[in-house]
Amino acid sequence: MRAIYPGSFDPFTLGHLNILERASRLFDHIDIVIANNNSKDNMFTSEQRHEIVARSVAHLNSSVSIISCSGLIADYINDQKIEAIIRGIRGSTDLDYELKLEQYNSKASHAETIYLTPQTEHLNTSSTLVRMFLETQRINLAAEYMSSEALQYIDSIRLK
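The C-terminal residue of the sequence shown carries number 257 in the numbering used here, and the numbering is unbroken.
These aren't lab readings, by the way, just hints derived from the structure by calculation.
One or more of the hints may lead you astray.
[Claimed, not checked] Here are the simulated DMTMM-like cross-link-like pairs (lysine to aspartate or glutamate), alpha carbons at most 20 Å apart as the crow flies:
hint : residue 1 : residue 2
1    : Lys137    : Asp125
2    : Lys178    : Glu199
3    : Lys178    : Asp128
4    : Lys178    : Glu209
5    : Lys178    : Glu232
6    : Lys137    : Glu209
7    : Lys204    : Asp172
8    : Lys204    : Glu218
9    : Lys137    : Glu180
10   : Lys204    : Glu180
11   : Lys204    : Asp176
12   : Lys137    : Asp191
13   : Lys197    : Glu232
[Said to hold, decoys possible] Okay, the calculated beta carbon distance ranges per label pair:
hint : residue 1 : residue 2 : range
14   : Ser253    : Glu199    : 17 to 27 Å
15   : Thr233    : Lys204    : 17 to 27 Å
16   : His126    : Ala205    : 17 to 27 Å
17   : Ser253    : Lys178    : 17 to 27 Å
18   : Ser160    : Glu209    : 34 to 44 Å
19   : Gln177    : Asp252    : 28 to 38 Å
Since this is a predicted model, take the numbers as computed values, not measurements.
Beta carbons: idealized from backbone N, C-alpha and C, even for Gly.
Using the sequences and the accompanying hints, generate a full structural model.
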């Protein structure tokens, strides 16, 4: 069974990785879909987010693909005949948002939404928090929430 794990992943965190690793035991193949939302002010470009994800998931080898998408995720789902959408939920705020998103996806595509909660140590991980640490040059604090490979890449592009 093939699934997608969509998100802006700005940046991809250990919380995202935890959801992906657990989902990879449930599905034959997962497309990580980096959504490019023009109304969102991202810290990293689409290409940089792709590289951050790639470095974070390299150990998963052929069970995942990384794709960038600027259109509707539902169109990608339908075009690629994806059977499931993986979504992570950390708490009630995420759940409210995800239920609204699922209502749209169920009308626009045939895929089932599968919700996973992160392991306890990742419940408070958020890309917003990581961006705040990175913006204030607190790399040591960001390191608690990102893979070392991703942080090395971020360091390399920030030095340019």
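Check: Holds or violated: Lys197 with Glu232, Cα cutoff 20 Å?
Finding: violated, 31 Å
Checklist line | Restraint check for Lys137 with Glu209, where alpha carbons must lie at most 20 Å apart | finding: Outside the cut-off at roughly 26 Å; violated.
Check: Okay, Ser253 versus Glu199 on CB: inside 17 to 27 Å?
Finding: violated, 38 Å
Check: Is the hinted pair Lys204 and Asp172 satisfied, with a Cα-Cα distance of at most 20 Å?
Finding: Satisfied, since the Cα-Cα distance of roughly 12 Å is no more than 20 Å.
Checklist line | Pair hint outcome, Lys178 versus Glu232 [Cα-Cα no greater than 20 Å] | finding: This hinted pair is violated, its Cα atoms lying about 39 Å apart.
Notebook entry, point to check: Taken at face value, is the distance from the CA of Glu180 to the CA of Lys137 at most 20 Å?
Noted result: violated, 27 Å
Checklist line | Given hint Asp176 paired with Lys204 - CA-CA distance at most 20 Å | finding: Holds - the C-alpha atoms of Asp176 and Lys204 are around 15 Å apart, at most 20 Å.
Note to self: Is 17 to 27 Å respected by the C-beta to C-beta distance linking His126 and Ala205?
What the structure shows: Once the Cβ atoms are compared, 22 Å apart, the range 17 to 27 Å for Ala205 and His126 holds.
Note to self: With the threshold set at 20 Å, check whether the alpha-carbon distance from Lys178 to Glu199 stays at or below it.
What the structure shows: holds, 17 Å
Margin query: Tell me if the straight-line CA distance from Lys178 to Glu209 falls inside 20 Å.
Written below: Roughly 12 Å separates the two Cα atoms, so the pair holds.
Notebook entry, point to check: Taking only the CA atoms, is the gap from Lys204 to Glu180 under or equal to 20 Å?
Noted result: holds, 14 Å
Checklist line | Cβ separation of Thr233 and Lys204, checked against the hinted range 17 to 27 Å | finding: At roughly 41 Å between Cβ atoms, Lys204 and Thr233 fall outside 17 to 27 Å, so the hint is violated.
Hint compliance for this structure: hints 1, 5, 6, 8, 9, 13, 14, 15, 17, 18 are not met, and every other hint is.
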